[in-house]
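Hints given; two lone chains; assemble the complex.
Those protein sequence lines, which keep their order, are chains A and B. The first sequence runs 1 to 145 under this note's numbering. The second sequence runs 1 to 278 under this note's numbering.
Source of the hints: derived by calculation from the structure; they are not laboratory data. Incorrect hints may appear among the rest.
Said to hold, decoys possible - In silico lysine to any residue, SDA-like type, Cα no more than 20 Å apart, as pairs:
1. K127(A) x R3(B)
2. K2(B) x A36(A)
3. K105(A) x G237(B)
4. K2(B) x R35(A)
5. K2(B) x G17(A)
6. K2(B) x T53(A)
Values in this document were obtained by computation on a predicted structure and should not be read as measured data.
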Amino acid sequence: MELLSEYLDLTIFGILGLMSFTVVWLSIERWLFMRALSLPDYQNFDRLTVDLTKHLTTISSIGANAPYVGLLGTVAGILLTFYQIGQNGNVEVGAIMSGLALALKATALGLLVAIPTLMIYNALTRKVEVTQALWRADRDTRQGS
Amino acid sequence: MKRHIIGITVALCLHVSLAAWLISGVSSPAPAPIAAAPVSLVLSQMRIVEQQVEAKQPEAEPAPEVEEVVETEQPVIEEPEPEIVEETPKPVETPPEPKPEVAKVEKPAEPKKPVKKKPEPKKVVEKVKTSQPTKKEEVAKVDPEPNKEVAENPVPSPDPHTDISTAPAIAEQLQLSSAQIVSIEQAYINALQLALEKNKRYPLSAKRRRQEGTSTVEFTITKSGDIAEVRLRDSSGISRLDEAAVKALVTLAQFEPIPDELERTHWKMAVPIRFQLN
Numbered sequence: 001m002e003l004l005s006e007y008l009d010l011t012i013f014g015i016l017g018l019m020s021f022t023v024v025w026l027s028i029e030r031w032l033f034m035r036a037l038s039l040p041d042y043q044n045f046d047r048l049t050v051d052l053t054k055h056l057t058t059i060s061s062i063g064a065n066a067p068y069v070g071l072l073g074t075v076a077g078i079l080l081t082f083y084q085i086g087q088n089g090n091v092e093v094g095a096i097m098s099g100l101a102l103a104l105k106a107t108a109l110g111l112l113v114a115i116p117t118l119m120i121y122n123a124l125t126r127k128v129e130v131t132q133a134l135w136r137a138d139r140d141t142r143q144g145s
Numbered sequence: 001m002k003r004h005i006i007g008i009t010v011a012l013c014l015h016v017s018l019a020a021w022l023i024s025g026v027s028s029p030a031p032a033p034i035a036a037a038p039v040s041l042v043l044s045q046m047r048i049v050e051q052q053v054e055a056k057q058p059e060a061e062p063a064p065e066v067e068e069v070v071e072t073e074q075p076v077i078e079e080p081e082p083e084i085v086e087e088t089p090k091p092v093e094t095p096p097e098p099k100p101e102v103a104k105v106e107k108p109a110e111p112k113k114p115v116k117k118k119p120e121p122k123k124v125v126e127k128v129k130t131s132q133p134t135k136k137e138e139v140a141k142v143d144p145e146p147n148k149e150v151a152e153n154p155v156p157s158p159d160p161h162t163d164i165s166t167a168p169a170i171a172e173q174l175q176l177s178s179a180q181i182v183s184i185e186q187a188y189i190n191a192l193q194l195a196l197e198k199n200k201r202y203p204l205s206a207k208r209r210r211q212e213g214t215s216t217v218e219f220t221i222t223k224s225g226d227i228a229e230v231r232l233r234d235s236s237g238i239s240r241l242d243e244a245a246v247k248a249l250v251t252l253a254q255f256e257p258i259p260d261e262l263e264r265t266h267w268k269m270a271v272p273i274r275f276q277l278n
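Pulled out of the complex, with its shape left as it was, chain B reads as follows (with noise of 0.2 Å):
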């Protein structure tokens, strides 16, 4: 019996000790990380996501000017006036000088078909359809002028392009210097966020009380990648995690130095910081 209790005591201590050790230590610090750091990650892949298509269009930018003023033109030969296209070849033949010309018009169009296809069909056709009687006269005018330059130079029809596609246009001319840019800028910003989910702290109370929430901070980083002027900008409503928040910049302290590209001696930011429970 003796070799009983003395087993027993002994496997007693051991595993109570251990249960302890893993309950206080372990288990608290552990589903921290977890609880927010699912979000980011999504939250990053669709960042991604839209820098790789904005970094796609301006490799195809200095054509894309072209191509769209040329799509102005296009649709309108080929829907509203199929007449027109049918006369063309026919007065090719009889009259000598549009023919170059015509000629001229329609091989620039046609190779550019499927690459206009690609992005934004939709958006140029029915815009096309209300602005029609508009285009039927500047393909009139385009007509006489030299063709190649009609194809080069957006001037001939500015102000339908400008209508029909005003957005695209203009973003299109600052992605040409702006679009790695604001990738660069981007991917700074979603780094920093992942530093921060790796560095909060669930505040323990917090969590055995089922508090959420998101707290916003403001912050400035420096060119050398300081983190200074910390301060809360959007309480979540509780204290605690507010605290956390503000802590976990405080803690992280140093960041990488600001890209040189973005060419910012500071930057002042502000940075959600989600609090969530799983």
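Just chain A, with the same shape it has in the complex (with noise of 0.2 Å):
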């Protein structure tokens, strides 16, 4: 028990971080891939489109479990708090409200890495479907020509 209260917070933060400088990493890669990417490169469809999708999971999967990972640091805290109350026996309704404020920092970090994380992803998707449908385009163009 400990061992996980000194360790909880830098446990979570650690993970968060990680996941944060991941998605920040992939979305300028992505944004810089797709600026400098040029559609006639591309005989075939699939290949564009698994050029286009790399990394886009990665993406996803972050902006999706960041809240639960944020979620379980707030509830392990909470957890501890009460458990070292047991453990004292006094109620000290400062000690409580501190250990429960503390545990709560974890889920608004959490959010606060997965509401860009999504927003980026729904952008990128959209450019990768509007690349597609611009690639279609010039194939039947040059097709009807």
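Structural data, given as structure tokens:
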């Protein structure tokens, strides 16, 4: 229990920080890729799709799971707070409240990571669809001519 | 690959700077108010409860003094001398003189029974048992006297009254005027302590070394609320904490004016300032 309480915050914030780091990294990479993409290089639609959707699964997973990681941190923090209260025996309002408040910040951070991630993911998905549509349109005009 | 490198460096810069800002800025001042605030809150609640108790007493004060006088008499009638009680109704019929008197004695005594049980039934009963003989005599004396006076004046039995409950009696007499002042005083001191708790800063160096302690600081507060003559009275043993305690008062500098009810032009007080880590 002591080990858990000592490393809980560090672990949760470490995981969330890593998630956030990955999202920023991959979204910048995707943005640069989309900007530099030239459609005529691709002869095959599936190859284009594979290149376009690379890393999007990772961003999606992080966006979906960051709140749960934060929630796990909060639950563990509350659990520890109550455990310590039970051990000490004296119910001090300040100690309980500060324990719960500190536990809740894990959820806050999880949401803070998840919200921008999902927005970025949606934007990238839309960009992929648009690019695919443009590629198809180009192919149709080439075939037509 | 180039894209990945750019992405990693940007993300790294962003997160490292954010983490550095959080660790340096947010984490250090945040725990300080948490450190000792709960303690003072608990204390203030206790005080408020005491004040309420004190405040309630003066409301019933005009009555209690009379009641207590009767209290001393009444258990005597009940406990040690049930015979007298039995006798009284019987002789009431035969001799006309004691009849009205006894009846009146019983009347003021009976309706006040429920009231008496509330304030201090145990103490009175216990103490009455110890000093029974004296009171019997008093009761005997009381009977011939006019009853209303007995009920109203504590004069006929001042000695047993003071013997039995000296402290509460004196306290109540003082509280007649001072209970509210005391509560105002307490409220003022509580407010001051809360302000100090908010104003104090736990020295970072002491926090890092996990140093704790209580420094008592003496100061004078003027009618207008200015804080002057701040000096350390009892050291916590750690100079950094002492300095922080004095600094808390010096930076506070100005507090609410002393309430008019207290009738003080200045007020010299010593406040313990507690530095405690969670």
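Broken hints, numbered, in rising order? The structure breaks hints 3 and 5; every other hint is satisfied.
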